[in-house]
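Chains L and F are the protein sequences, given in the same order. Letter by letter, the first sequence follows residues 1 to 576 of full-length UniProt numbering. Letter by letter, the second sequence follows residues 1 to 576 of full-length UniProt numbering.
Mixed in with the good hints there might be a few duds.
Remember, identical chains collapse to one label, so a pair may be satisfied in a single copy or spanning two.
[As the list claims (entries may be wrong)] DSS-like mimics (lysine-lysine), calculated; alpha carbons at most 30 Å apart, straight line:
id: 1; residue 1: K231; residue 2: K344
id: 2; residue 1: K527; residue 2: K435
id: 3; residue 1: K344; residue 2: K177
id: 4; residue 1: K76; residue 2: K537
id: 5; residue 1: K344; residue 2: K157
id: 6; residue 1: K117; residue 2: K344
Quick caveat, the hints were computed from the structure, so don't treat them as lab data.
There are 2 protein chains.
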Amino acid sequence: MRALMMGAALAALAFSAMADAKTLVVNANGFTLDSMGRLQPFESLLISDEGRVERVIKRGDKPPAMSGPYTRLDAKGLTVLPGLIDAHGHVMGLGFQALTVDLSETKTLEEALGKVKAYAEANPRARWILGRGWNQVTWGLGRFPTAAELDTAYSEKPVLLERVDGHASWANSAAIKIAGVTRATKDPAGGRIERDADGNPTGVFVDAAANLITSKVPPANPIEAERALGKALDQMASLGLTGVHDAGVDAETWTLYRRFGDEGRLTTRIYAMAGGMEQLEKIAPVRPTGWLYDDRLILRSVKLYSDGALGSRGAFLKEPYSDDPENKGLRFLDDTRMRNWMSKAMMHGFQVNVHAIGDGANAQVLDAYADLIPAYGSALRHRIEHAQVVDTADIPRFAQLGIIASVQPTHATSDKAMAGDRVGEARLAGAYAWKTLLDSGARIAGGSDFPVEPANPFYGLHAAVTRQDRDGQPPEGWRVGEALTLTQALAAFTTGAAYAGHAESLVGSLEPGKWADFIVIDHDIFKIAPGELWKVKVQETWLAGKRVYLRGAPTAPEPAPDAEKPAEGAVETPTS
Amino acid sequence: MRALMMGAALAALAFSAMADAKTLVVNANGFTLDSMGRLQPFESLLISDEGRVERVIKRGDKPPAMSGPYTRLDAKGLTVLPGLIDAHGHVMGLGFQALTVDLSETKTLEEALGKVKAYAEANPRARWILGRGWNQVTWGLGRFPTAAELDTAYSEKPVLLERVDGHASWANSAAIKIAGVTRATKDPAGGRIERDADGNPTGVFVDAAANLITSKVPPANPIEAERALGKALDQMASLGLTGVHDAGVDAETWTLYRRFGDEGRLTTRIYAMAGGMEQLEKIAPVRPTGWLYDDRLILRSVKLYSDGALGSRGAFLKEPYSDDPENKGLRFLDDTRMRNWMSKAMMHGFQVNVHAIGDGANAQVLDAYADLIPAYGSALRHRIEHAQVVDTADIPRFAQLGIIASVQPTHATSDKAMAGDRVGEARLAGAYAWKTLLDSGARIAGGSDFPVEPANPFYGLHAAVTRQDRDGQPPEGWRVGEALTLTQALAAFTTGAAYAGHAESLVGSLEPGKWADFIVIDHDIFKIAPGELWKVKVQETWLAGKRVYLRGAPTAPEPAPDAEKPAEGAVETPTS
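Just chain L, same shape as in the assembly (with noise of 0.2 Å):
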């Protein structure tokens, strides 16, 4: 049941709360943390008629008497947690990225075709069908496929579709001549045109060739901003995640946002920070915006940052690359600069979050840090996002400036072998390092990158505990020293997410007075193998006392303008 999702006719529905009867949650097999970090279990909840946890029973406790109609939620024994929050996601392109076929499960051509023809079926106000994931190895192939076949799954509009490792691009021929492509056309720099024997495209765009087509594609209207916003709370909220901090929000996504806010369709909380000192200019110049929607949205932070991407040898290092000896990597920043942009935001009211990769990124924002909070202060809970390479001697430094480390663990499984080519044996000592970060006093907060990674936070609690990927590997767990354990790893997506957005008086546990954001999961995560965390699946997400989701429930139509009565849906009968 995801009425919540259903626009602007449920506005009314979605926000009237107030006036609605008590939830009583029965049978659970509960867990929250408390302010200390410990665990504390439960067997039922009692939620006002506003949304807010009122009182929190243990097993064996007597169950509190309810007097008139009431909802009750019987967890029929199933684990209940609170809401998960990801400290660190991109909500638009995880959008958008579900707005595109994805075909990296296709087993042959046909299977591909068939999920292309769907799509574009399914998606008839699209104006491009986009894709992503096909590998003609895995399909036996024996060659790159042809937009001739392309066509034949659909022809009437532009189709482009990445291949796996993002090196080539397949298209059909309506976006081969929108692109303008002939046998005419020159192999660009870094490219390849793939051809027949009389020298005509066949389809597939090699590394910089794709660019040819890729150019034509035009930018997202707000409508299907809509409908990516629309997707990714859908996903979030199938995904047990009651809260977000979106690392970077320009001013459009920002009056987005507003829209649905607006309309009750905030079915995940909001944390935005600003995408640089420009993006926090147009959106709320001099002071933070204050929480809005009922603690739904708000914007009090910026994102800047210090330097790129490992992989690609962005991320700036002390010295250079173990891989590549000419190279430290990029700056993004000057140290004047950076302190100029920190100071402002700190002057304004506003925590600043810097993306910092490298160990010699990750120095310099510590450095800036150093020089501004003696008088800015700390209060405004400075973060440094990924936190990725750190310097073993600066590693104490987040404890004493009271920076928060915003890590992914999914990045580290991800990165294993990649991120010990970069920087060597002896730098490692000091990457994807939670541990030795919660030993030396530093608060940490868990999230994902998503879609760079997948939007699962029980992935991210998988490789926080195990230190391995989903396949298992390595068996002995990679730099095993620095896993967390369950409840430490919980708590990062929980209540140490909720304090780096400065919302642990709202949300993060269930206790008496914060909103009663939870989630029913089909696994005691406690008793289950840790290597099977990330197989578990949620069953229901309520957000403020109200379910947004419910496993195999038809998923809400997108709201139209006309959209007037909420969907069908498993809504639990008032019981008095």
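Assemble chain F onto chain L, guided by the hints.
Leaving out everything else, chain F in the frame of chain L:
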């Protein structure tokens, strides 16, 4: 007392009205209009704790028995009217104008220099000091002023002051230096740099030469925009405007309005028209926003342009200009595009408001409406903005199609000489023809087009009733047959404007259930000579039962990030 403008710290206060006490207005010489446009006197108003009219009490009727604490406003016999609504203004334009130095009343060069100096000192954050309205003839100077003279007033930052006629600009040395203008700079085509005997620029730049300097003025930053909006809201409240239809907002301005709404600072209700289809898509694709902030902000209409202005001969006429026989003016949109845009907006539920000045433009827009309204209906209350020169044969089509004529009475009295030159006597029959429009059964809404004209709505009432300018010219009134009665004029700025903004059930008159938006003025407009109407001063302005303006009260300082307390002011003491 403008406590509502105090910013974030007061948001809670401003919108906690529901918990407030009732208000009783007594001893009022009150007038409101009923749904038939008839004047209804009253003596007392009972206002609910949430700010709505609860009872309207006539002279001789028994006043309500009050129990519990309430706020009492003794109008002391002054005239009380519904808050006035400007159906066509440019809010940000008004605000930015207020951030410049007004030299139009200066009598000497010294006085002008003093004003510039005082302004620069009072606005230390201004990056450029901008102004307008100087006239060396009025000063009896016998020559243009110089940069050196302006430097004596202010030399630290660039100063640029436009002459009263807009045909010359006076710069200080800092501005000239930024522009890089020297004796080596040649006069541009269509412009002249004033120079001394050695050829050095002396400080005044005529016509196209002014662009050498104006092109260096940086665009407003968001902080300046915020200050401008604050000024515009201050000014509107002081003029008795409780509502405005903003004739064209972009996405950035919308975001700014949202911030003010979030912070409880919208002291005038803003019915925003998106400035064109692109901005509409950015702000509210697919469907209108709905009323926000207790009916203080909405976007459910789009502004389009059919032609230009009469003075510059950009208005599109059916036949050539009387004073330019080869020229019919400019058509801004072809018929097809106009219909495409209109139908797209109508499909998504938006009111369409098209700027049309010339009789050709008015006919073009009416033709388009005539084609589309059979399919889409007229419930969205489409409008023509200005409806300035209309072929008398086209006038009945407004009523037939349900099109609202959104007119600006002061345009008539400002344009009267020029309009006759441009279109000649015969075509004036349908020009500024408010009475003929009303008699034809059309609905009209009154506005000012500020800052093109002054924002004072009493200027509009005066022009509508007298057809004279504020010097009383012409003594018999210009085309006085088109004058409105005062009741009709008041309706145009209250109930008529409310209807044109789909808000007649919320505002525009003082009737039970509507918001208590009202003004207290210093004269009884029904007793003073019509020629005096423009001199009426607003004593108090109330919005939703809260006072947002009191004449003579100190202006609240601009909100600072740390503003914590409301300004001192003449807050009524609750009486029990």
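Which numbered hints are broken by the structure, listed smallest first? Checked against the structure, no hint fails, so every one of them is satisfied.
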